[in-house]
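*Asks:* Those protein sequence lines, which keep their order, are chains A and B. So for the first sequence, my numbering puts the first residue at 1; every next one is plus one. So for the second sequence, my numbering puts the first residue at 1; every next one is plus one.
Certain hints may be false.
Reference listing, derived: stretches of chain B covered by chain A, where coverage requires no fewer than 3 residues with Cβ under 8 angstroms from a Cβ of chain A [claimed, not checked]:
| # | segment |
| --- | --- |
| 1 | 27-33 |
| 2 | 79-88 |
| 3 | 136-145 |
| 4 | 150-157 |
A short list of chain A residues far from chain B (calculated; beta carbon distances all over 10 angstroms) [to be verified]:
| # | residue |
| --- | --- |
| 5 | Glu35 |
| 6 | Ala78 |
| 7 | Pro127 |
| 8 | Glu304 |
Keep in mind that the hints were calculated from the coordinates and are not lab data. We put the beta carbon where it would ideally sit given N, CA and C, even for glycine.
2 protein chains.
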Amino acid sequence: MTGGEFSLIDNFFASPAVTRADVSLGSGDDCALLEVPPGRQLAVTMDTLVAGRHYLPQTDPWRLGWKVLAVNLSDLAAMGAEPAWATLSVTLPAIDEAWLAAFMQGFSALAARHDIQLVGGDTTKGPQAFTLQAQGFVEPGRAMLRSGARPGDAIYVTGTLGAAGAALQLLCADPQQAIPEALRERLEQPRPRVEQGRKLTALASACIDISDGLSGDLQHILDASGCGATIELGRLPLLPETRAFMQQRGQWQLPLTGGDDYELLFTLPPQKQPALDALLPELGCEVTRIGTIDSEPGLRCIDERGARRDPGQAFDHFASDD
Amino acid sequence: MTGGEFSLIDNFFASPAVTRADVSLGSGDDCALLEVPPGRQLAVTMDTLVAGRHYLPQTDPWRLGWKVLAVNLSDLAAMGAEPAWATLSVTLPAIDEAWLAAFMQGFSALAARHDIQLVGGDTTKGPQAFTLQAQGFVEPGRAMLRSGARPGDAIYVTGTLGAAGAALQLLCADPQQAIPEALRERLEQPRPRVEQGRKLTALASACIDISDGLSGDLQHILDASGCGATIELGRLPLLPETRAFMQQRGQWQLPLTGGDDYELLFTLPPQKQPALDALLPELGCEVTRIGTIDSEPGLRCIDERGARRDPGQAFDHFASDD
């Protein structure tokens, strides 16, 4: 943090949208100086988004600024952490002031919503990419890990699945076409489940955010917890627009593999079911039971008729269709 | 931190060279979980290095891994912070296992030297670039800021200046040519002044690390402190190889503008001079008084004969020669 290459962003760093009392020194020196509250662990995460790989180059800059922060807040949410601070690296081939101002406004809008302060970063010239490091607080022993799932636990997801994957397929085929806004918004402006994650820490036995697709991210929980799972395909929560897309294209596996959902996948011990039921009105989003943790290793999917479907084969089929 | 794209680096993240007792959960979940010691502030910094802009693409990977960490440790050093944790984003167009292994070995060699643990990060495909976020501890009120310099303070630098700038000019002209190893090492494998920074916290009124060149980085101190400075050019510490390069090319301004030095520039109140003199044997590196903080705004340079030289003009002249 020794001086960036674009003064416009330096000004933005110097005047963040959120200012917190626990930031003793923000941007503008060699380091920021921060105060972690006594009795709290620090939860840290970092994600990089590269143009053309993690987002389409023509993505609206306001939404891209939002998304760069959102994907990291989603990781904090998956641990049940309270967001606090972020550092941002911006790499751009050239300056476009209107584009940058919109990017920073989108970033700030989400930062204000979750009271996270941008405390510094770096700006460099190069191929367009963004790296964000986000930090939050969690009470010791309360973070939701991937390793706590046990046979008999119910598997839940927040929100709906597959909409971002559908939007990406449509926009990759034709970036200029009009697509349903409900799908586009899920791809370009995901809502990290920060409040839900914090409320679930007392209940969930394991949690992860779904960024690479339900089946792959659930597998991370199964690997860390040493168990298996059965998913009931008929229970997967879908937007009407997503269901229509899947039916038109025969892509029943989209909500398993689509990616970019940024919903929480969590497991719930049976004895915590009443507590979850009581919490539901406060969660502020749909929460759906989609399956069960088993002792038998591996991931199984059953359709509405009780017949088994192979998500691995399904994914291969999908890939060869693409 | 939701799963990287290169398993080789994921393995490296999972088995860092340094493991610290204050890391409750390292790489492999949505976040790392860290314990800040009671009564300590967190110092955080982030820097991005882009291939072809911040380093030559043919740079030895071991030294590049070292440098990615070194430039961030240098920011911690400038605050007087004790290094603790790092998160690393690696973006590469393709996998070269031998190259990556060497990169990680160089990174680990420096991490072990300063007891800093890699606690997570991200790996993505894209144009080659590295972003590191580093964190350390400092006692409240003890961090060295840029804003504390006062008229009458002496200006000191650690080590020597200009060697990295000379190496860069030589290698840009011909990347394959043999150049003096003393110059090349200063460019490619800088030694961050971490121990020196920690020992100087009780003495220095202001400090910065020299990454963009002495005159520019000193100007940051002058701006933050609201004062000016006079530099005595004849006192600037130089390696013999750097002096020879400057004489051959008439580049007297190289140590002012060269950049990539990663030395500490600090200011010392007169009453702290005896304490610095007593500390010198423990510092383990050359420390040279190069000038004085003035109340008159601006940066002045005086040569060996007492004549004033204009570093701004000098820099323009240098740029037009390049």
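*Asks:* Are the hints correct? Go through all of them and say.
*Replies:* Hints versus structure:
Residues of the segment 27-33 of chain B with a Cβ under 8 angstroms from some Cβ of chain A number 6, which satisfies the need for three, so the listed coverage holds. For the segment 79-88 of chain B, the stated coverage by chain A holds: 5 residues have a C-beta nearer than 8 angstroms to a C-beta of that chain, and at least 3 were required. With 5 residues carrying a beta carbon less than 8 angstroms from a beta carbon of chain A, the segment 136-145 of chain B meets the three-residue requirement, and the given coverage holds. Beta-carbon proximity to chain A at under 8 angstroms applies to 0 residues in the segment 150-157 of chain B; the threshold of 3 is not reached and the given coverage is violated.
The claim that A:Glu35 lies off the interface is violated: its Cβ sits roughly 6 angstroms from the closest Cβ of chain B, which falls inside the 10 angstroms cut-off. Its closest Cβ contact with chain B, about 4 angstroms, brings A:Ala78 to no more than 10 angstroms, contrary to its assignment away from the interface. Its beta-carbon lying about 4 angstroms from the closest one in chain B, A:Pro127 breaks the requirement of being farther than 10 angstroms from that chain. With a closest Cβ-Cβ approach of about 30 angstroms to chain B, A:Glu304 is found to remain outside the 10 angstroms limit, as its non-interface label requires.
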